[in-house]
Amino acid sequence: MLNLFGLSLPQASAHAQHVDMLIGAFSLLILLLAGPVIVLIFAFAIRYRRGKDVNRDHAPNRNVWLEVSWTIIPFLLILGFFVVSAKMFFFIHEPPADAMPISVVAKQWMWKFQHPQGQSEINTLHVPIGQPVKLTMTSQDVIHSLYVPALRLKQDVLPGRYTELWFTATRPGTYHLFCSQFCGLDHATMGGSVVAMVPGAYARWLSTQASAGSLATAGATLYRKLGCGACHAGDGTTRAPSLNGLYGSKVTLEGGRQIVADDQYLRDAILDPNAQVTAGYKPIMPTYRGLIGEEEAMQLAAYIRAMKTVPGEYP
Amino acid sequence: MSRAGLHDASREEAAPLRTPAEAQSYLNDGNSLRSWLLTTDHKRIAILYLTSITGFFAIAATAAAMMRLNLLTPQGALLTAEGYNRAFTMHGVIMVWFFLIPSIPNVFGNFLIPLMIGARDMAFPRLNLASWYIFMAGGLFTLAALIFGGVDTGWTFYTPLSSTYANGNVVLALTAVFIAGWSSILTGINFIVTIHKLRAPGMTWGRLPLFVWTHYATALILVLATPVLTVTLLLVAAERLFGLGIFNPALGGDPLLFQHLFWFYSHPAVYIMVLPAMGVVSELVPAAAHKKLFGYWFVAYSSLAIALVGFLVWGHHMFVSGQSMYASTVFSFLSLVVAVPSAIKVYNWTATLYKGSIALNAAFLFAMGFIGLFVMGGLTGLMLALLAIDVHVHDTYFVVAHFHYIMVGGAVTAYLGAMHFWWPKMFGRMYNEVWGRISAVLVFIGFNVTFFPQFLLGYMGMPRRYHEYPPEFQTLHVLSTGGAGLLGLGYALPLIYLLYSLRHGEPASANPWKATGLEWTVPSPPPTHNFEDTPIVVREPYDYPLSHDSSIA
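Listed in order, the protein sequences are those of chains W and Y.
Using our numbering, the letters of the first sequence map in sequence onto residues 1 to 315.
Using our numbering, the letters of the second sequence map in sequence onto residues 1001 to 1553.
What the hints contain is simulated information worked out from the structure, not anything from laboratory work.
Idealized CB from N, CA, C, for every residue including glycine.
The hints are all genuine.
Per the computed footprint, the stretches of chain Y lying under chain W, defined by three or more beta-carbons under 8 Å from a beta-carbon of chain W, are:
| no. | segment |
| --- | --- |
| 1 | 1160-1169 |
| 2 | 1284-1296 |
| 3 | 1369-1378 |
| 4 | 1386-1399 |
| 5 | 1463-1472 |
Estimated spans, in silico, between C-beta atoms of each pair:
| no. | chain 1 | residue 1 | chain 2 | residue 2 | range |
| --- | --- | --- | --- | --- | --- |
| 6 | Y | Leu-1312 | W | Ser-27 | 25 to 31 Å |
| 7 | Y | Ile-1445 | W | Arg-56 | 26 to 32 Å |
| 8 | W | Arg-56 | Y | Ala-1023 | 38 to 44 Å |
The following block holds chain Y by itself, in its conformation from the complex:
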């Protein structure tokens, strides 16, 4: 096992306050608050996103902790029914729109796409900054909705509950998500144009890192799906404020219309969260194995296939809604089809490890955790796609467990993997590798202890969004809450040792993992303009072994 990067107290003392690379880096290009808030540097904007979504994550995680504590007893140990309903609504709204959707694309996508394709910045740097401001405006509306008492519709805003009956600050929350949607659209446009127009000479589509391919597919979804959500939320607000009859049958509307429109966005939104995570893992696996990725084109095109078919499966959220059973059957079939490209990726990652030279570092452990949890989430997703099973477990904890395996076990684990892999590049410092591995293992165990019992709870008939429950479900709920404690610890640890590394970590070399990719050819942290000279790409991606530390392959 590699011993590199292990904690070494004597050398840590000698860690310099500022390395030469740091002195010339984007981090040091102006230290005033103004220089950060008015920056158009994609790397600085990535850091702005990183700090803001970490804050949102903390708020939404607090809501989750309150829910888990409440569920320790069948009567509800902590919150009133109203408090609980508001807690899970805030948890969902913030986690989905203010953490998961922007997480990997807006932090790592922003930071890495120009570096990976050999560009100086995004195609529209000012639009990129505007996108962050719009995102923050949406975030402030969410916080306002929270501070003025919260919302009690669930993150799904089902009508006519949201449009007519709910008492909370529904319009404020709708406005928040509406605004955040614009940020998504602008980011998506920026990614698409950047990837099309700013690739360095020789960076053909067949040489693009898979991280870029998946972000391209993600950007397509962002641009095509988000407007549907934006308009839908506007209609809900119009019905709520002006009594315009769109979704409420008492006003002549159709409540299922809302569900169709909502899931037309929100199912592809799952792929907005998962595709970038797959992109991260497609980088982490070859870099850890020091071996070319198996089946490059299969993995690349499977991202586009997921983006395409992902638009055709929204009705699988509506098998018990009253939707026609023939429509349900078609949606069931297509939902099984969309699993195929995901399975292709998993098999190709596994084949990549075969006869590799695998570094079992923290980043790779997170990637392994991703694969395990994603496979579990994906296969239980197939169960949910099977009509007769879904009729039983729909809207139970089985569904809650399934989508947390995908979104938290999948997307958040990959996000942490990306954090550990590119942290040295972003901040020029190595973190403590041992703590990194402990945290990866802790997250994996904590996650499973939290969410596996929820599969059982759901199968045994425990409905979701229940503030109190029949006593026989208590044992599994207590187990789940215990797991959440471990998971919380696993998430808190990186915050400590990563922040610690900023000052005390050893300086990182340009390419600490000996990985391929243009981002590893520039100093850590990179200078503001990324590349001294425009790079010229002459090799295939993932062309291991490296011929030279600073070579691109």
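Isolated chain W (complex conformation):
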């Protein structure tokens, strides 16, 4: 818990503690670097003020070694901080494989969260503590940014693209959730809270929430409704590649480029199919933009993620 002027900012994760330590240490370095300059300017201004009788003999107005040392030493000190902060930055960009996936769709001016078992909520996000949680986020309109000060984390949420944010909350509590990227009229009220709960309480909360089935089930329903199976159900020898085991595999595109079939790829392949045509197939898939929104695309992707061996069947 950080306290300033009656304000308190909880440290809801280990990363939050590390950020506070980093900023505390760097503040000390600032004092170390700026302090002497400020003190000397005042001291010189007073000691050598005009009209005061004082010895003003001095060496010539250049000194290369002095210049080099006051340039290099602070820079090296700062480089140390650069390495530490870059490591932390890499850490928060590499979610562990077992992170619980939650999909997030932002729009002017609300947040919609969907839990893996299908529960969805608006502007409030319930998460269990001690469990890595990965948010896969996109926007339906302008750029937003999901910001949770207690976690010292934020990530812009873009239209047409997925961005990720992961964390492991370590303290139960209710924390501010803000939109930090200006997004139009009601930007200031586009927020809510993150509720971190002990796992048992989270499970109880989940069970009280209505769910029409998991994300993948909703995706399976959509898959049937949209008739995706008409082309994709086979073994990939007909008109369209098989979706079986597709997720996470390498896809060779027309022109030879290889791409990993991740969430972003699946989304783009549904909404803008002819931008990335799989090698060996004709660009005949119609776009589903306008037919389905970002939330439905995420459901379809969840369904395809779940397709391991049996095509068209949810295991």
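Got chain W; can you put chain Y on it based on the hints?
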């Protein structure tokens, strides 16, 4: 402490209506409106800029005052959400493009560069006037956007908000900035050619005042960066008006492309504001200390280094945008590198004061204020350059505080320092020194009370551009608004005593500060043609002590 220039009522009565120097000066070379509006004299054009940007400053400051008043209560005390969004957009657009960027270069650069290098005028005097007209045309478009209801995109015009979703007069505002950009480019070209071609005999690069060096570096940025912004804004307008898909993904565009292009200009633009300010301080410090500037070449080349590396750090505005983390790491490193030349300047100014003979006058107090606030702004900039810290404080009040320390604490304080230092040269009158010192101290205190609490607000998680906020942030917001009141007073005072000095101030001698530099060898105010005979420079710059009042060194 020097008592010179203190208020003296008995002598003030005797201040003449017009001194002989004034009678022969550029100020008296035609009094009609036409003679001002069609002038090609760099000094008169500087005065045209001075009056117009003062007006723009007043408008943008009013918007800031409305925002600060609104933030007195968590629910928003004054404005609707829409009104608040439009207020901070206008504040940003006008302050950045119609005050800060033209401030020191177009007023003091225009006035002083020819005088400092021993030239009669700029290389292209008519282009110089055209530049002012283009600037004013841009200004009129901004005012039109304001009068027709304002804009609500923020000064950053992020897409696709600006290109598709915002309701305000976005195209009018884009046009305004587009037009103003041309003025910047023309001014930059004029500076570069003037500094290359019109230096007096003996004015080698090693004898150039540092004010000229920093303006040379600034002009390079103006010419190389501004076209990128100009084209980018054109593309936003094309997407908004004709649905051309460039930035909006729904039309097949890429929203991050806009951010790359925008910051490719707008980060160097920070140096357009700060380099001239550093140039001012590099003049004010030796003139106050009556001592040669420490490490002339380090200070000179550090300006070019800032201009160069400043072009390579734009991605530090995009650490949380979805940019590749490897790109972010490189930008983080380069952002730490760009601090080095700035630090070199600060250390050299400090070393210059050592064993100087320092006049604690208003101009020097402003210069001291600049150094303190700039150091604070620069070091918090390093914090923002550190990736893991930026992820937390990006788009919060921490960033707002940081860039106000640089742009307002730095650039505006230096602008006022320049105003107090060269005012006697520009108008031939001394202002009231005591009021000058009061104003310098008031600006420093008011600024810190306004913006230091914003570092804390940001660190505690208060996002920027919020018209209302959670109640726990209120105490610091109220403190900040109180500081803004002091700061406003500090800015209003010079307007009064400087204007008062025009009529009632004591006549200024050619060199009231006993400073080096060619501008102090001509009468105050200077005659239209600046120099009777082309000066021949034979001494190093800042070669104190002066051998004679009117000598150049």
